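Please build the complex by placing chain B on the supplied structure of chain A, with the hints as guidance.
Chains as they are written, first to last, in the working numbering: chain A, 1 to 113; chain B, 1001 to 1113.
Where hints are given, some of them may not hold.
Claimed, not checked - Which chain B residues face chain A? A few, computed with CB under 8 Å, are given here:
| # | residue |
| --- | --- |
| 1 | Tyr1033 |
| 2 | Gly1042 |
| 3 | Leu1043 |
| 4 | Leu1045 |
| 5 | Phe1090 |
| 6 | Gln1102 |
Source of the hints: derived by calculation from the structure; they are not laboratory data. Keep in mind the model is a prediction, meaning the values are calculated, not measured. Built from N, CA and C at the ideal position, the CB exists for glycine as well.
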Amino acid sequence: GEQVEQRPPHLSVREGDSAVIICTYTDPNSYYFFWYKQEPGAGLQLLMKVFSSTEINEGQGFTVLLNKKDKQLSLNLTAAHPGDSAVYFCAVRSNNYAQGLTFGLGTRVSVFP
Amino acid sequence: EAAVTQSPRNKVTVTGGNVTLSCRQTNSHNYMYWYRQDTGHGLRLIHYSYGAGNLQIGDVPDGYKATRTTQEDFFLLLELASPSQTSLYFCASSDWTRGYEQYFGPGTRLTVL
Chain A
1 GEQVEQRPPH LSVREGDSAV IICTYTDPNS YYFFWYKQEP GAGLQLLMKV
51 FSSTEINEGQ GFTVLLNKKD KQLSLNLTAA HPGDSAVYFC AVRSNNYAQG
101 LTFGLGTRVS VFP
Chain B
1001 EAAVTQSPRN KVTVTGGNVT LSCRQTNSHN YMYWYRQDTG HGLRLIHYSY
1051 GAGNLQIGDV PDGYKATRTT QEDFFLLLEL ASPSQTSLYF CASSDWTRGY
1101 EQYFGPGTRL TVL
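For reference, chain B alone in the conformation it holds in the complex:
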């Protein structure tokens, strides 16, 4: 069974704060993704990566950086957090087998005051 973990599960910060969200997958998948989930918008892709050191821009990248340090680890960085980034963030991983079906982590709820 695919395993994707995220930390922290909950985070509160202030406007202008610096936040790092972590994701680890133990599936040996090449692809990893960061999404945000907001009421009325569903899930939207922020950044994704197809291997260590690789980064691709998603649909809503403004205000976010990401880094893929290893095949297992993918980080999302908010260097100057704003209230508009209050959201539920999901990490996912996938591979070319089985049609790139994605396995999701449990999510991180971020609140920016």
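Just chain A, same shape as in the assembly:
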């Protein structure tokens, strides 16, 4: 089945700086890709999604890049602010009908002044 490696596990970022989280997946038939944000004591909130190869999505201070050739998904935090402190998960869905998402292990992001 699908496996997703996410790195780094921890990220400390100065306010205003940028940072990047990378996920590498294994199943070439994976088709839908998501980034979720989890704040302390809360569930997972959908942050961004991307479906097409080499697609770039921007919004909410983030940029998502999908490279299906290299089976890599990245989340770029463009100008960090304290509200970005959270755990971020990438999630991949293969074409396997109705199967749940395969998640990375998460990246804990801490934004400091």
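Frame of chain A; chain B shown alone:
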């Protein structure tokens, strides 16, 4: 906005105890999922369903049963709880639109003593 609720939010039981976790979604989604979240493992799929009366086995089903009574309601049952089932449990729902993006509930923290 998608709405997924879970109850209880916190539960403590003893080894061998009987526990039922409840999930309700009001999005008219066909698919519902149960995950557990553990440090070092991320989120792992326990069971899922694509409609009332349907149940599919996920990646870590041992020790868990589930039942989908209606389109809205999905239950996770631990009939003989063990300490290894101490975890944070999330329910999610999705549909075929928008790439099966999943909407998560707030989670239930279960402690088995």
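Structure-based check of each hint:
no.	hint	verdict
1	Tyr1033	holds (5 Å)
2	Gly1042	holds (4 Å)
3	Leu1043	holds (4 Å)
4	Leu1045	holds (4 Å)
5	Phe1090	holds (6 Å)
6	Gln1102	holds (6 Å)
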